[in-house]
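Each chain, written out:
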Amino acid sequence: MRWKRQAVALGCAVVALAAAGCGKDEAGGSGGSSGGDGDGKFRVLAVLPLSGQVSAIGQADKAAIQTSVDIVNADGGIAGEEVEIKFADSAGTSTQAVSVLQKETSSTDYDFVIAGATSGEAVPMYPFLNRQKLLSCTSAASDELAETPSYVFGTSTLSSRIAQASVVAMQELGYKKVAAMFPDTELARNTLEATKAAAKEAGITLIVELVDPAAVDLKTQMSKLRSKNPDALLLDGFGPVAGVMLKARSALKWDVPVLGNSSFGVNDLTSFVGTKALDGVKLNMQKVDVKGSDVTNTPEFQAFHKALKETSPDLAFGMQVYADNYSCLLLARAAAEKAGSTDSTAMRDALEQITDGTSIKGWFLSQKGFSPDEHYPQYDVENWWDTVPAGKREDGLMVPGQG
Amino acid sequence: MTVIWAGLAVGAVYALVAVAYNLVLTTSGVFNFAQPQFIMLGTFLAYEGLVAHDVPVVVVLAGALVLGGVLGFVEERLAIRPLPDAGGGHGALVTTVGASVVMLGAALVIWGTNARNVPPVLLDEGALTLLGGQVEKTDLLIIALAVVSAAVLHVAHRRSRFGLASRAAITDAAAARLRGIDAGRVQTLGFVLAGMFAMAVGVIVASKVTANVTLGNNLVILGFVAVAVGGFGSYAGALLGGMVTGLAEQLSLRYVGSEAPLLILFVLLLTVLMIKPTGLLGDREVRLL
Chain A
35 MRWKRQAVAL GCAVVALAAA GCGKDEAGGS GGSSGGDGDG KFRVLAVLPL
85 SGQVSAIGQA DKAAIQTSVD IVNADGGIAG EEVEIKFADS AGTSTQAVSV
135 LQKETSSTDY DFVIAGATSG EAVPMYPFLN RQKLLSCTSA ASDELAETPS
185 YVFGTSTLSS RIAQASVVAM QELGYKKVAA MFPDTELARN TLEATKAAAK
235 EAGITLIVEL VDPAAVDLKT QMSKLRSKNP DALLLDGFGP VAGVMLKARS
285 ALKWDVPVLG NSSFGVNDLT SFVGTKALDG VKLNMQKVDV KGSDVTNTPE
335 FQAFHKALKE TSPDLAFGMQ VYADNYSCLL LARAAAEKAG STDSTAMRDA
385 LEQITDGTSI KGWFLSQKGF SPDEHYPQYD VENWWDTVPA GKREDGLMVP
435 GQG
Chain B
-5 MTVIWAGLAV GAVYALVAVA YNLVLTTSGV FNFAQPQFIM LGTFLAYEGL
45 VAHDVPVVVV LAGALVLGGV LGFVEERLAI RPLPDAGGGH GALVTTVGAS
95 VVMLGAALVI WGTNARNVPP VLLDEGALTL LGGQVEKTDL LIIALAVVSA
145 AVLHVAHRRS RFGLASRAAI TDAAAARLRG IDAGRVQTLG FVLAGMFAMA
195 VGVIVASKVT ANVTLGNNLV ILGFVAVAVG GFGSYAGALL GGMVTGLAEQ
245 LSLRYVGSEA PLLILFVLLL TVLMIKPTGL LGDREVRLL
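Protein chains in written order, with our numbering: chain A, 35 to 437; chain B, -5 to 283.
In case anyone wonders, no lab produced these hints; they're calculated from the structure. Mixed in with the good hints, there may be bad ones.
DSS-like mimics (lysine-lysine), calculated; alpha carbons at most 30 angstroms apart, straight line [stated by the list, open to error]:
id : chain 1 : residue 1 : chain 2 : residue 2
1  : A       : Lys120    : A       : Lys75
2  : B       : Lys270    : A       : Lys426
3  : A       : Lys287    : B       : Lys131
4  : B       : Lys131    : A       : Lys262
5  : A       : Lys316    : B       : Lys131
6  : A       : Lys325    : A       : Lys340
Now the stretches of chain A that chain B is said to cover, found in silico as 3 or more residues with beta-carbon under 8 angstroms [unchecked claim]:
id : stretch
7  : 157 to 164
8  : 254 to 266
Label-pair ranges, simulated between beta-carbon atoms [said to hold, decoys possible]:
id : chain 1 : residue 1 : chain 2 : residue 2 : range
9  : B       : Asp118    : A       : Lys426    : 42 to 50 angstroms
10 : A       : Ser261    : B       : Pro76     : 50 to 58 angstroms
11 : B       : Ile215    : A       : Lys310    : 27 to 35 angstroms
12 : A       : Asp265    : B       : Asp118    : 31 to 39 angstroms
13 : A       : Glu428    : B       : Gly120    : 21 to 29 angstroms
14 : B       : Val49     : A       : Glu428    : 48 to 56 angstroms
15 : A       : Lys310    : B       : Val49     : 17 to 25 angstroms
For each residue, glycine too, the CB sits at the ideal point set by N, CA and C.
Bound-form chain B, shown alone (with noise of 0.2 angstroms):
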């Protein structure tokens, strides 16, 4: 059941970069590949709050969120909005890219490629034996979130004002500003939404991924694994593709062998989109790019 439980942890930790993925590809339709590296911004502005400033979590928790929104909108404003085609078009993979590798500058600039240990936030460390197998009280939270931020956004997206419009926007651009949807406006928000998602994710998660500037560029390819497994565009499959993929990492660890994990992985992946292209959840495909 150990493994069980840290199949579901790590799993949660991709399930929450899927979703943070999900909240760029459902107002825009762009996949941005700088997502990840939000989630380590965060995870050092959690080591310079709780570590080395002594802040209180929620206080780091509230500038991750404001951080993090002002940094989505930024991004969007300078490597989406400037481009010819809607939602980007081809010219966002690249730009997202460039985004990514800016903020990974960044951030070797000021913290430099040491690894920063960050205590764990909200619950204290430790673990739990739990249905026969040991489990952190951290990995608990992480999992949690994952479940709920999944379900909220899923009824959100499709029951809420904005989620109506983003689809709405995503599906048809024109059609939508016909109706009087700015599709402008929903891709900003949705670019500060992931931002804020993210950034705050970072947070949370420290304490089990550390602060390190790998971080990012080690979840790009797994976050992306888990969006398409479970569906692109959709929230629910986003917890479920993460944590079908961090199941799977971890039993072939567990059963198969250290060099396993990756080629099972996307094994996984290509049996997944040759059966059901739009991914476990998806409804339909989303027009990527």
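Here chain A stands alone, though its shape is the one from the complex (with noise of 0.2 angstroms):
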């Protein structure tokens, strides 16, 4: 009978054990939603490309975010809590960002995670945040996390908002017919079926060309949009596909105006091109990209963009890279505040709860806030874009009207 005695023992030592297990999960998952473990530390892991071909972004969002540290941190933490913040390279791949992503939430209990850059990593990323209950905030736009929110938070704008702005601004400009050129990427492409989407229903008429990314010369495609004769030409595109575009505008001597969308308008277009090039276009911006718009007027922005310089003084990219990988840190500390607690599914709710963004401390972005259904910021158009002329940048900033 002794090996029944060892045998019960040992199923009950499973079922321990087993018990255990499921105890931490119903908890909040073993990925860190402790709710605060006593040891004075708010702990972020920040899964970013700080390798590989799109690293030059991933370290401006490491400036911007180790940004928002200090200044959390200066301000008291998060709900009394240092804020901790571990990096780790995604090197700008899904395999590696999962992997990494798992590989660090196995060994420590994080209370938050900004996962990635891209919609590339942020998109496989965020089956595992949702089963592991780790409240997270991405800068990536992508329209497939805003659309089933869980515990994943965004910070940018989504496609269909530039698509919606640009339109806008498409009509008050009194535009029919417009030629559109985007470049042929996931992330082109969703902007562009949003767009005609609402071209549609605004009653503008748009002439689509797709160009590769890695175009060294557009003339041709230019050519075949003027001869549609259209009233204007929009364009969109990030990096050097920017500059190509307005290089062959130039070459054709084609004066037709030009409006940028706001994924267009973050390049730093007078690196790529001449000032000269940039006579006639404009520019549909998210005034966080605007030099002395009412948004980067702002005490916060302000705030922001000082303690940014200090670390950062080089600022390659548009202002809205940078401001929403600061933003996310902001979330977190609000909803920890809102909730009392750390808890990731009371972070949640909280943050859900926060239907005014300017309710959150330090917060620039957009006036309206989050709701279940809402886990991206609602911009309005009239109250986040503007059209200006296009110029040069000065500390991330455009100057508008120098073009």
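Please dock the two separately framed chains into a single complex, following the hints provided.
What follows is the structure in structure tokens.
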């Protein structure tokens, strides 16, 4: 009978261990929703593309996040705990992003995760973050993440809203027939589809030309658009392709008015082309990117901008890139304060109840907040976008009217 | 006509890549996948010299020739020479890709992923109306450079002592050695010349293609198509292949659609290789790898 007692004891041990494991999950998952573990630290994991092809943007994100950590800690931390950040490298790939997320969260209880700079990283991390009930924030603009919100919040502008804003601008400028040149990338295709739908609703005819994002000469496709005799040219695109588009227009001596959407406007255009090529170019910009706008004139923005310049003097990207990442930790702080806890579920529920963006301390993004159905900021086209002449950038901000 | 000019300008860039491929191919039998990265580095050298440090263009070009030559020498010594087979064998496929990755990685570390604008060299900015089409002055310069370099190298490859020595070395290295030709030296010199040429090309085309780290990878395939269509080892073929590739790409963009060019280019490539496996102007099969 001795073996029977041993078997029963072993069975009890297995059940007890399983129960302990289940208990931990119910308490908020093993991934760190500890709700204050008493060691005085609020642990944040930031998974960013610190190496690889998009490392420049990852480094910019890192600088913005570090700025938010410094400011929040100087202000007393989150729920009385000092913020401790760990930066992990996704190398800009989905597999590495998921792998590093799993590795980090298996060994450390994190209270908050900043999940990726691109949708290519953020979307694959999304199921794991939800399964582990890890409150997270991403600067990646993905309608896919926004459609099924759970533990993931976003700070950036969704492509559907960029599209809506550019169509409103086209209406205001009186354009009826618009030629559109977009790079053939996933993000641009999403924006294009949304732009097509919004333009159709607004009664604007859109003639579209998708271009290779690696193209070195776009005169052929630009002349194809010119042959349709449009009222204006709508441009989208981030990186060198934006310069190639403007160079093609200049080479063809085409004086058609140009409207760049906010994806196009985030470029430092004067680094690609001379100021002459910016004649007749207007940009539908998010106000956070424009020097002297009512957003960048707020004390909250100016405090952030000053601190960011101290840690990162060479602001190579549009301010939107930095602001989206900076704002993630502000959300965590607001959620913890409203919830009175650092438990991830309580923080998520609290954040969903913050419907007024202006009530978030330090926040200068959208005036509207969040809801159970809206985990991305709800930007008003009228309040958040402005159409301004293209100009050069200074300290990450575009100076309008000098183009 | 604007489309034709655009096709010729883009084709000239592909032709210059193909000429650089051929400089190594005709002296060592190696297809150097790292060659377009020399052009990418040349564009950044142009940015550093002309924009960041305001150095005269002649000095920048001289610097490109020196740096390109040194890098070509280093690549040959580290990536090709240690391989057991003459000309590198199949190992060269891996090691030249490795050299390409190293150069790309170094560029990423130094310059990051932001593209940089470079002003035109030798000619001022602006476009002309020529034969009823619009063309930038820089494009005319690039087309002229492709034509002249292909013509000069075509003649030099057939008439000069070095050209004849390299043809002998590539045809039969052992026999060439018996005739007093140092095949190893020819191979090294081929890498050095190709490095010099490609990096100087990078300086000249920088205003068209902008300085950006993705440039080398973007050119590697289309440069390959140009050299394969024109004929491996033929400089006149490199020019023809580049122009045909550029024109086919731009005409399909204009008259078929933005998703058509790659498909059309590869149909063109397969058709040429099926009808004439040595390429349009290739008169012999180069022993690749």
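Going through the hints against the structure:
1. A:Lys120 <-> A:Lys75: holds (12 angstroms)
2. B:Lys270 <-> A:Lys426: violated (52 angstroms)
3. A:Lys287 <-> B:Lys131: Distance ~13 angstroms between A:Lys287 and B:Lys131 Cα, so the pair holds.
4. B:Lys131 <-> A:Lys262: holds (26 angstroms)
5. A:Lys316 <-> B:Lys131: Distance ~27 angstroms between A:Lys316 and B:Lys131 Cα, so the pair holds.
6. A:Lys325 <-> A:Lys340: Given pair A:Lys325, A:Lys340 holds - Cα atoms ~14 angstroms apart, limit 30 angstroms.
7. 157 to 164: violated (count 0)
8. 254 to 266: holds (count 4)
9. B:Asp118 <-> A:Lys426: 42 to 50 angstroms: Because 21 angstroms falls outside the window, the suggested range is violated.
10. A:Ser261 <-> B:Pro76: 50 to 58 angstroms: holds (56 angstroms)
11. B:Ile215 <-> A:Lys310: 27 to 35 angstroms: Since B:Ile215 and A:Lys310 have Cβ atoms about 34 angstroms apart, the given range 27 to 35 angstroms holds.
12. A:Asp265 <-> B:Asp118: 31 to 39 angstroms: holds (32 angstroms)
13. A:Glu428 <-> B:Gly120: 21 to 29 angstroms: The hint (21 to 29 angstroms, Cβ to Cβ) holds, given that A:Glu428 and B:Gly120 are roughly 28 angstroms apart.
14. B:Val49 <-> A:Glu428: 48 to 56 angstroms: At 26 angstroms between Cβs, range violated.
15. A:Lys310 <-> B:Val49: 17 to 25 angstroms: At 24 angstroms between Cβs, range holds.
In terms of the numbered hints stated before, the structure departs from hints 2, 7, 9, 14, listed from lowest to highest.
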